[in-house]
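Listed here are the chains, written in short residue letters.
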Amino acid sequence: MTETTASRSLLTPKRAEMLRDFVPFIAISLVILMFWAISGDRFMSVRNWTFIAQQTPVLMLLAFAQLMVVTTGSIDISIGSNLAFSAFLGALGMLWFGDAGLVLGVLAGGLVGMVNGLIISLLKIPSFVTTLAMLIIVRAVVIIVSDGTAIYITDDSVSGGTNISSVAAPWLLSMGKFPAIFILAAVVALFMWVFYERTVFGQQLRAVGGNEKVLSLVGINVTAFKIKVFAAAGLMVGLAACVNLARAGAATPQAGLMIELDAIAAVALGGTPLTGGYGSVVKTIIGALTLTIVRNGLTIAGVPPSWSQVALGVLLIAAIAISLNRSKVDVVK
Amino acid sequence: MNDQTARPLLSVRNVSKSFGGVQALRDGSFDLHRGEVLAIVGSNGAGKSTLIKVVAGAHVPDAGRIVMDGKEVPRSEHSVSHMQERGIEVVYQDLALVPNMTAPYNLFLGRIPRKLGIFVDERKMRSKTREVLAQLNVTTVQDLSKPISSMSGGQQQSIAIGRAIAWGSDIVILDEPTAALGPNETAEVERLVEDVRERHGTSFILISHNLDQVRRLADRIVVTHHGVTSREFRRDEITSDRLVKAITLGE
Chain S
1 MTETTASRSL LTPKRAEMLR DFVPFIAISL VILMFWAISG DRFMSVRNWT FIAQQTPVLM
61 LLAFAQLMVV TTGSIDISIG SNLAFSAFLG ALGMLWFGDA GLVLGVLAGG LVGMVNGLII
121 SLLKIPSFVT TLAMLIIVRA VVIIVSDGTA IYITDDSVSG GTNISSVAAP WLLSMGKFPA
181 IFILAAVVAL FMWVFYERTV FGQQLRAVGG NEKVLSLVGI NVTAFKIKVF AAAGLMVGLA
241 ACVNLARAGA ATPQAGLMIE LDAIAAVALG GTPLTGGYGS VVKTIIGALT LTIVRNGLTI
301 AGVPPSWSQV ALGVLLIAAI AISLNRSKVD VVK
Chain U
1001 MNDQTARPLL SVRNVSKSFG GVQALRDGSF DLHRGEVLAI VGSNGAGKST LIKVVAGAHV
1061 PDAGRIVMDG KEVPRSEHSV SHMQERGIEV VYQDLALVPN MTAPYNLFLG RIPRKLGIFV
1121 DERKMRSKTR EVLAQLNVTT VQDLSKPISS MSGGQQQSIA IGRAIAWGSD IVILDEPTAA
1181 LGPNETAEVE RLVEDVRERH GTSFILISHN LDQVRRLADR IVVTHHGVTS REFRRDEITS
1241 DRLVKAITLG E
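If you read the sequences in order, they're chains S and U. Counting from 1, one number per residue, gives the positions in the first sequence under my numbering. Counting from 1001, one number per residue, gives the positions in the second sequence under my numbering.
Just so you know, these hints were derived from the structure itself, not from any lab. As the structure is a prediction and not an experimental result, all values here were calculated from the model. Please note: incorrect hints may appear among the correct ones.
Said to hold, decoys possible - Where chain S lies over chain U, by a calculated footprint (3+ residues, C-beta under 8 Å):
{"id": "1", "region": "1032-1039"}
{"id": "2", "region": "1060-1068"}
{"id": "3", "region": "1074-1088"}
{"id": "4", "region": "1193-1200"}
Unchecked claim - Here are some chain U residues the structure puts well away from chain S; computed CB gaps all over 10 Å:
{"id": "5", "residue": "Lys1128"}
{"id": "6", "residue": "Arg1130"}
{"id": "7", "residue": "Pro1183"}
{"id": "8", "residue": "Val1228"}
Every residue gets a Cβ at the ideal spot worked out from N, C-alpha and C, and that includes glycine.
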């Protein structure tokens, strides 16, 4: 009986599952069509899409960092503070050691991530609480170290004023503009895809999210693995910080405020359950892109910023309500 | 069918284990011979799980000896990986599989083959999985890219047992292998155990609450009571009365 009703209805469980798989792609298409209809050429112009291509990479890299952590069933809400910290150390590194000192920014991100992982694994404090504390601490450290001032990246060696630190690095500023930043993002995305979908490490991310007790029972050191995951996520945040430094042209103590929420939203829009065990790099890219497009489209359509935040929240709930496969998730909390 | 006078494959002697002052296991002892199915029965909290976790290397015992093939396992080698190397595999109740991962992943759990050091050798995993499933006569698992949570309980248990035997282990410990299964799937798993024992000469340690199953599968039965392995029975000397008394009263 149930069989006949199911086969008669258009939305069989199998079709529903297929549809769910495509939700991020359908959502982004609808969003693009909607803003095209509303704003026409002002939205669908080469200039605007170039702008979107410049806006998305930082968020995308942060979403990659979040994706790694979320796949294991943990969460990292310290990435906004880590972004500011890493960008600052990247800029300091360039002041101290020249261009190659930018690497310090990536390493700083990895260090913060590793500290997160160590606290979570060794003190056994839940990731949410640990990274919440780190969000506060790391931001405070940035403000203390920077003394509230920014370090600017400039086109030439002529320094602006006496109080302002600046580094002349035209190459870095050009990395933050359209073709370069886009190519860099594409290369990182490709690496991330291979890393997440094809390596033993990436596979283990999903397995830890599925049932980490089983992994311990077969002799896998889950504690060490989790520290590595948070460190890897931190390195990705450090890379995002360097990209942000290039794009913004400055390391400011306020950089990346609240951006951890955007990164989580991008991952969730990409259909990844925050309970872990599943995830997709391609859909996370789509999620980050959708978020950027919605912000951009609402601004062009003249929606006041506070209202566009409301619209983003509604979009997030709608997308997850449709895309989350509840049969794959045991408990909703 | 077993020469009881021959040296046992595994010999557990007076093993004890406490957790935070509570003694979970006291003087646990038993022998296991090649190709034998030994059942360990006992009420909840009688120390069965602790005993098998000690044998599997997941717990280091406070006292006692474990002898394999006549050689004592040194304390320093009392770990899951060392016991696996010695040929002991466990199928834990509810804890055997990673539900969101595929059958090949679960079969290779803890032994994922690598390409170039970091990549998953997916091809090797698939072909070995098909090989193992064929060995087990499991024909119902077709799509190897699906997570095992989408499979039936019997199929999942087949994969768990498949993992235990796929690596040529001599001893497989089954912890309540059919507790969560229906009658048909229970029969399927029991057939699998009989089959593997006959064809590969594998020894099994069976933990079960199902006394009918114990009598169907086991050659000998060890009863644990309040953390002590109290009695040993041969299959033919068992009436259910005596077994139930031993389990509940320790007689």
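Of all the hints given earlier, name the ones this structure violates by number, lowest first.
1, 2, 4
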